[in-house]
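Peer 1: Okay, here's what each chain looks like letter by letter:
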Amino acid sequence: MSEVLVLVDHVDGEVKKVTFELLTAARRLGEPAAVVVGAPGSAAKAKDALARHGAAAVYVAESDEAADLLVTPKVDVLAALVGSAAPAAVLVAATAEGKEVAGRLAVRVGSGVLADAVDLDGEGVATQSVFGGAYTVKARVTTGVPVISLRPGAVEAEESAGAAAEKTVEVPAVDPARAVRVTRREPVTGGDRPELAEASVVVSGGRGVGSADNFAIVEKLADVLGGAVGASRAAVDSGYYPHQFQVGQTGKTVAPQLYVALGISGAIQHRAGMQTSKTIVAVNKDPEAPIFEIADFGVVGDLFQVAPQLTEEIGKRKG
Amino acid sequence: MNIVVLVKQVPDTNSERRLTDSDHTLDRASADVVLDEINERAVEEALRLQEAHGGEVTVVTMGPDSATDALRKALSMGADKAVHLSDAALHGSDAVQTARALAKVIGTVEGVDLVLAGNEATDGRMGALPAMVAEVLGLPALTHARKVEIDGTTVRVERETDEGVAFVEASLPAVVSVGEKINEPRYPSFKGIMAAKKKPVATLGLADAGIDAAEVGLANATTTVLEVAPKPPRSGGQKIEDAGDGGVRIAEFLVAQKLI
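Chains as they are written, first to last, in the numbering used here: chain U, 3 to 321; chain E, 16 to 275.
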């Protein structure tokens with residue numbers, strides 16, 4: 003069985019959930035081989051988690067430089083492995099960096115690339131959700147080793163024992179003319195909340211929330227549900243909540259199990275970022291708000307009454 | 016400091032966007048087309064860098080005849096000239112082909128120090144085209160910039176993504192893609208709109224740009240669309256008026272759905 007290369011998304015060996023989703027999808031196509039590119043020691047830390055999720059092999063590509071340069075060391079390592087291991091496909095997380103790795107890799111090795119797939123079958127057919135979920139597209143790569151980036155949260159990660167046999171590979175020397183050096187990082191401190199793109203519950207606030215202080219109501223409901231907080235563009239533009247939490251056409255696309263919209267009218271731009279959510283609940287005082295057209299359960303009412311009551315009720319039921 | 020700005024005409028996100036039944040490509044007739052908002056920010060950043068460092072700003076696009084409107088908008092903001100790659104053979108080109116074609120067009124502009132682009136278009140949302148163009152050109156890509164600084168032959172960028180902010184640097188020439196927070200684009204002035212009409216727009220066909228027709232277009236694409244299905248419109252479910260127990264009713268719904 004051919005190997006399927008999975009680029010491990012990690013921070014200093016701390017493996018992100020999306021990697022397990024990639025390994026799960028990779029098993030449908032062949033034998034998953036995890037590729038760890040990072041600072042020395044990353045793979046040793048990541049190995050157990052990768053083995054638990056079915057990695058038959060772990061390619062270890064470590065160097066001090068690999069951690070300090072953007073994108074290209076990963077492309078260099080994957081390109082070398084595409085040459086030597088002749089994989090059935092290369093899977094990468096559809097994150098900001100992952101999409102670039104996938105795109106650059108495809109150009110480098112002369113393959114086609116499919117971005118932001120929401121599913122992948124055993125024949126290599128990727129499902130994509132385009133125009134904010136208005137269309138479902140099935141596509142495949144027809145040239146070279148398929149390179150596919152998979153949307154975080156789209157495939158459910160399943161555990162499966164893998165040998166995780168380590169194979170050391172060299173990080174190719176960096177061409178200084180192409181290198182982008184990271185001089186300093188300020189990681190997002192999102193507190194204990196899950197990342198917006200990975201959360202199974204998202205609670206978002208819109209213009210109706212009225213102020214930055216009032217977003218505490220949104221946060222409290224998110225916390226009792228163990229979810230992430232999102233915001234509509236109107237709320238972000240009004241300065242109620244930081245831009246990185248914006249859900250919609252010009253923000254993030256989310257597809258959680260449960261999406262709760264508080265004081266969001268549901269403009270087409272916002273719907274494009276959340277309408278593929280499994281279940282949608284909306285609270286809005288305007289009975290004509292378009293959000294109700296797509297909500298599975300809508301309450302016409304004052305979010306300042308309804309949301310705290312819901313938070314309290316969930317708290318009670320949880321005991 | 017000569018800057019090329021890559022721009023793209025996209026279907027307005029406020030209009031209904033469709034794919035054609037015949038070959039699954041964008042139905043350009045059905046939607047209003049506009050200069051993608053993020054591109055205006057890229058043009059704005061180019062103009063600001065030009066004000067500080069001199070040089071020329073060239074806007075480049077690939078697309079059908081109507082894409083000229085996107086170029087005119089950029090010229091009316093203040094860009095100096097435009098290059099439009101337009102050829103029927105480009106129809107249906109995929110991301111890899113597009114990156115290669117754009118790289119060829121950038122090659123027709125002399126002495127380019129910096130290529131600027133938006134980080135992600137609102138239609139394809141590939142989010143990788145600037146990096147792919149950089150790969151073809153053999154240049155560094157500093158993407159998702161919220162701040163760009165040029166210092167001699169070094170470009171420094173504050174890169175903002177979901178993971179946080181990274182301070183990155185590379186040598187020129189380079190490709191930089193800008194994010195939403197980079198700036199507020201200027202509105203074209205009346206004078207700018209009038210001046211734009213006289214600015215040079217070079218229209219190139221494949222041969223003019225040195226592109227082999229066998230490398231582009233739907234028939235030579237590196238990916239293929241097997242099927243396309245419009246999502247059945249989501250229908251609204253239950254809607255109730257809050258009678259003082261709205262929160263409790265939602266909780267009951269969530270329990271029934273096994274969500275809590």
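Keep in mind that the hints were calculated from the coordinates and are not lab data.
Treat the hints with caution; some may be incorrect.
[Stated by the list, open to error] Taking lysine to aspartate or glutamate pairs in the EDC-like style, the calculated list, with each CA pair at most 20 Å apart, reads:
#: 1; chain 1: U; residue 1: Lys222; chain 2: E; residue 2: Glu66
#: 2; chain 1: U; residue 1: Lys318; chain 2: E; residue 2: Asp260
#: 3; chain 1: E; residue 1: Lys196; chain 2: U; residue 2: Asp298
#: 4; chain 1: E; residue 1: Lys273; chain 2: U; residue 2: Asp298
#: 5; chain 1: E; residue 1: Lys162; chain 2: U; residue 2: Asp298
#: 6; chain 1: E; residue 1: Lys162; chain 2: E; residue 2: Asp27
#: 7; chain 1: U; residue 1: Lys254; chain 2: E; residue 2: Glu71
#: 8; chain 1: U; residue 1: Lys254; chain 2: E; residue 2: Asp84
#: 9; chain 1: E; residue 1: Lys96; chain 2: E; residue 2: Asp138
#: 10; chain 1: E; residue 1: Lys214; chain 2: E; residue 2: Asp27
#: 11; chain 1: U; residue 1: Lys254; chain 2: E; residue 2: Asp27
#: 12; chain 1: E; residue 1: Lys273; chain 2: U; residue 2: Glu188
[Stated by the list, open to error] To spell it out: a stretch of chain E is covered by chain U in this simulated footprint if at least three of its residues, at any positions, have a beta carbon under 8 Å from a beta carbon of chain U; those stretches are:
#: 13; segment: 148-161
#: 14; segment: 235-247
#: 15; segment: 262-268
Here a beta-carbon is modelled for each residue, glycine too, at the ideal position from N, C-alpha and C.
Peer 1: Out of the numbered hints, which ones does the structure contradict?
Peer 2: Violated hints: 1, 3, 5, 6, 7, 8, 9, 10 and 12; rest satisfied.
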